[in-house]
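Those protein sequence lines, which keep their order, are chains A and B.
For what it's worth, the working numbering labels the leading residue of the first sequence as 474, then goes sequentially.
For what it's worth, the working numbering labels the leading residue of the second sequence as 41, then goes sequentially.
Hints are computed from structural coordinates only; laboratory data are not their basis.
The beta carbon of each residue, even a glycine, is placed where N, CA and C say it ideally should be.
Among the hints, erroneous ones may be present.
Claimed, not checked - Computed from the model, here is a short list of chain A residues facing chain B with C-beta under 8 Å:
| no. | residue |
| --- | --- |
| 1 | A694 |
| 2 | Y702 |
| 3 | I773 |
| 4 | Q814 |
| 5 | A823 |
| 6 | A834 |
| 7 | L836 |
| 8 | T837 |
| 9 | T864 |
| 10 | A911 |
| 11 | D935 |
| 12 | Y936 |
| 13 | N938 |
| 14 | I941 |
| 15 | I943 |
| 16 | F948 |
Here is what each chain is made of, one letter per residue.
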Amino acid sequence: MYLSKGLVKFFLVIFSLTQFWGLSLLFPKKLDSANLTNVSDSLSNNRLSFRGELEGAHAAATAVITLDASPEDARNTSSGSASLMGNESLQVGAGNTASTVKTIESSTRVVLAAGITDAVSDAALVVATSSAVHTVTFTPVSTIASGAFRVLIPSSTEANNDGYPDKDGFDFSTTAPTVSCLGGGSNISFTGVSGTASTSAVQVSTTWYHSFECRYNGTGASPAAVTMYIGTPSGGKLINPSPASTTRFPGQADSYTFRARHAYGIAQSYANVDETLGTIGVVEAVRVTATVSPTLTFQISGRAASSVNCGQSQPSTVTTTYNTVPFGTSVTTTAFADAGQQLVVSTNAAGGYSVTASESAQLTAWNVTATPTIPDATCQATPCTTTTPQTWTSTSYKGFGYTLEDVNGDAVEDTKEYANGYRPFGLTAVQVMRANPAGPVDSDIAYVCYRVVVSGTQQSGDYENYVIYIATATF
Amino acid sequence: MTKFQFTNKSQFSNPKHFKLFSVWFLVFGICLVFGAWFLVIPAKAQTLSLGLWPPILEVIIMPGKAITQAYTITNSGEETIINTKILPFEPSGEHGNISLGGPTSTEVGPLQNEPQFSFDNANLSLGKPFRLRSGEVAQVILKIRIPENCPEDDYYDTLLFNTPPGAKIGQSVSRQAGTIGANILLTVSKDGQPLRKGEIIEFKLLNCYLARLLPFCFTDSLSQPEFLLRVKNTGRAFFKPFGEISVGGLLGQKGEIEILPENILSQASRQINGQCQTEEKIYPCPLTWQPKFLFGPYRAKAELAIGNQEEIKISAQISFLALPFKLFLTVIVAIFGLILIKNRLRIRA
Numbered sequence: 474m475y476l477s478k479g480l481v482k483f484f485l486v487i488f489s490l491t492q493f494w495g496l497s498l499l500f501p502k503k504l505d506s507a508n509l510t511n512v513s514d515s516l517s518n519n520r521l522s523f524r525g526e527l528e529g530a531h532a533a534a535t536a537v538i539t540l541d542a543s544p545e546d547a548r549n550t551s552s553g554s555a556s557l558m559g560n561e562s563l564q565v566g567a568g569n570t571a572s573t574v575k576t577i578e579s580s581t582r583v584v585l586a587a588g589i590t591d592a593v594s595d596a597a598l599v600v601a602t603s604s605a606v607h608t609v610t611f612t613p614v615s616t617i618a619s620g621a622f623r624v625l626i627p628s629s630t631e632a633n634n635d636g637y638p639d640k641d642g643f644d645f646s647t648t649a650p651t652v653s654c655l656g657g658g659s660n661i662s663f664t665g666v667s668g669t670a671s672t673s674a675v676q677v678s679t680t681w682y683h684s685f686e687c688r689y690n691g692t693g694a695s696p697a698a699v700t701m702y703i704g705t706p707s708g709g710k711l712i713n714p715s716p717a718s719t720t721r722f723p724g725q726a727d728s729y730t731f732r733a734r735h736a737y738g739i740a741q742s743y744a745n746v747d748e749t750l751g752t753i754g755v756v757e758a759v760r761v762t763a764t765v766s767p768t769l770t771f772q773i774s775g776r777a778a779s780s781v782n783c784g785q786s787q788p789s790t791v792t793t794t795y796n797t798v799p800f801g802t803s804v805t806t807t808a809f810a811d812a813g814q815q816l817v818v819s820t821n822a823a824g825g826y827s828v829t830a831s832e833s834a835q836l837t838a839w840n841v842t843a844t845p846t847i848p849d850a851t852c853q854a855t856p857c858t859t860t861t862p863q864t865w866t867s868t869s870y871k872g873f874g875y876t877l878e879d880v881n882g883d884a885v886e887d888t889k890e891y892a893n894g895y896r897p898f899g900l901t902a903v904q905v906m907r908a909n910p911a912g913p914v915d916s917d918i919a920y921v922c923y924r925v926v927v928s929g930t931q932q933s934g935d936y937e938n939y940v941i942y943i944a945t946a947t948f
Numbered sequence: 041m042t043k044f045q046f047t048n049k050s051q052f053s054n055p056k057h058f059k060l061f062s063v064w065f066l067v068f069g070i071c072l073v074f075g076a077w078f079l080v081i082p083a084k085a086q087t088l089s090l091g092l093w094p095p096i097l098e099v100i101i102m103p104g105k106a107i108t109q110a111y112t113i114t115n116s117g118e119e120t121i122i123n124t125k126i127l128p129f130e131p132s133g134e135h136g137n138i139s140l141g142g143p144t145s146t147e148v149g150p151l152q153n154e155p156q157f158s159f160d161n162a163n164l165s166l167g168k169p170f171r172l173r174s175g176e177v178a179q180v181i182l183k184i185r186i187p188e189n190c191p192e193d194d195y196y197d198t199l200l201f202n203t204p205p206g207a208k209i210g211q212s213v214s215r216q217a218g219t220i221g222a223n224i225l226l227t228v229s230k231d232g233q234p235l236r237k238g239e240i241i242e243f244k245l246l247n248c249y250l251a252r253l254l255p256f257c258f259t260d261s262l263s264q265p266e267f268l269l270r271v272k273n274t275g276r277a278f279f280k281p282f283g284e285i286s287v288g289g290l291l292g293q294k295g296e297i298e299i300l301p302e303n304i305l306s307q308a309s310r311q312i313n314g315q316c317q318t319e320e321k322i323y324p325c326p327l328t329w330q331p332k333f334l335f336g337p338y339r340a341k342a343e344l345a346i347g348n349q350e351e352i353k354i355s356a357q358i359s360f361l362a363l364p365f366k367l368f369l370t371v372i373v374a375i376f377g378l379i380l381i382k383n384r385l386r387i388r389a
């Protein structure tokens, strides 16, 4: 193939030019602007705040409130109670003292631990704020002597520092968050320079931002990663936004764009040099509930032959069951017949429980003419009543009675324990066990110990009665 | 290999074989007996064990309306027969206990203008027994219907599930019947705002002295003030009081004791408990303030809101003076003891 001289010259010129261009790449011109790298903003709590409305007027001291599933005010975007949590601080009505959420009964009904302080009208504001410490990290790329790092967090265009959450940005809260910075390498020093926080101080395009700034001393050469803390766990913090719209569902996130900047120092009026945008995700709460309902369980069981109950041995011929205490032939005129049963109660009811006992009648021989009875115990001291036990160690005092022994817990009153004697059953129920201290209990166990001895003139026969135990939760 | 061989006369052909067989047979027999020991199925102890949910029901209802509540009864013991009934109750004492009484309610209430109870189950009726097998869980749907002419008032009843006493066994026997009950607190109100009234009938410091002689009392600086607070419901509907006892001293010492909102039934009084809380539960506890050291005059104010009506607030106030009696006494005794020892030593010398 043949090329003309002109064409060869043209290619040579082009080639020479590309060489010069290539050489220029070896010595690039230093740029004034670049991106910060590794930019992130971690929130200590990334839940959306709650900003809803009341459904209907509520009187002062009302503790059960109803939330509006479709709020009227466009600024109130939390529907019903979906994103509330138990034990959360909830303010019902602007100006009212916040109360703790005790129970979330339904998608709109909420029970508070204390009634609302002042009456509120329909569509009153209901707020539960979620605040977070922002931990912003980034790695600067430019060498700027005595410059500043600035982080811009989006804010609402109105009422953005009133302490109430906003649907379109972070609220500055009424207490300015503390700003502090760490890192930056050996040529950046934050010592002696306090960070600053300014509410809605910067506007970029149509968006307003809260501005948080750390100025530093040093040459700024070879900068390393910087961490900026906005807010402290116990101090002022930014308030997370409420849902962007009422159509948010649990688990759905709203995202906000923040800006991390590296700026010149005071000589250049802190003009911006580098900037990187990042995203903050704030998520609608997902409430996981597990309800443990109050229950009451009551158990009666027998005691084995020869077992020891209330300090007395059960006869070797007597084994009791949950519904019979068969004294049989162990009943004599000269020795006590002792037999026991075990009662067990558990409840998680807040107030505890009570077990009462009563008898249908005295031990009676129904199959004998004239239906003789074994009298209720009179002990050997007075008063020996259904509520006051007395010593009963002598078989000279005849009758049928009982005493109690704590086995697990302190269900039996100390004065009703066997060390203080015996007492008769009555037709009216009396308490034999109770939660002590009052409240939920796990397996309170007590022995009921029956005792009988008869007189020499007691008519022969099969005597019987029945004892009714009733367990109820306290109201 | 050992080989056993029987003759047609059922004898071993070799006496050695017979001996060996006897040994094997003996060992086998011992193993069998020993193994049987482990094979014994443990006998399940005869037990009555009933569980009930919910143990308490609180309802505000309008006349002419009806509600249903499902109760779950669990039998973890032996198979048993369950009888059901509803009995009215009255509060017994001041700690939330009940005293059952009155006529038995069945399908139709004792009076036509009082709350009517019935079961909504197809196969169960109130007052009629049903069988509950071991391990069975039964659901009972209780229907409460309030007649149109039912007076606005409170009605307190207990739904009882009781087992029959043991059978007669031809000897002297005491038979037992176990019952488990769920309390029902019913407020009948036309507008949902029943009349709630109450008063503090007693508010005092328990560990305090000379209260009867002076308008205030003395307590020791090292003690922890424990209060007694009793509230009476003078209205026509039960309520839960909310509030606290706030304590303040002249030296700026302050404290608060939160009270536990517990039901106070109409025309009854209740001793109020403090509210204690762990991660798992809220439970009653004494109304005790726990400062490290008390000194000087103090004022304690109990302020309670009745139910959900902020306008009904009741309060009571007491004063007390804290002085370091025990400390003072200890110092006196110590000084006295030192003097005594010194005198003894002097006499000896």
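So, going through the hints one by one against the coordinates:
no.	hint	verdict
1	A694	violated, 52 Å
2	Y702	violated, 29 Å
3	I773	holds, 4 Å
4	Q814	holds, 7 Å
5	A823	holds, 6 Å
6	A834	violated, 11 Å
7	L836	holds, 7 Å
8	T837	violated, 10 Å
9	T864	violated, 22 Å
10	A911	holds, 4 Å
11	D935	holds, 5 Å
12	Y936	holds, 4 Å
13	N938	holds, 6 Å
14	I941	holds, 5 Å
15	I943	holds, 4 Å
16	F948	holds, 5 Å
Hints 1, 2, 6, 8, 9, counting from the list given before, are not met by this structure.
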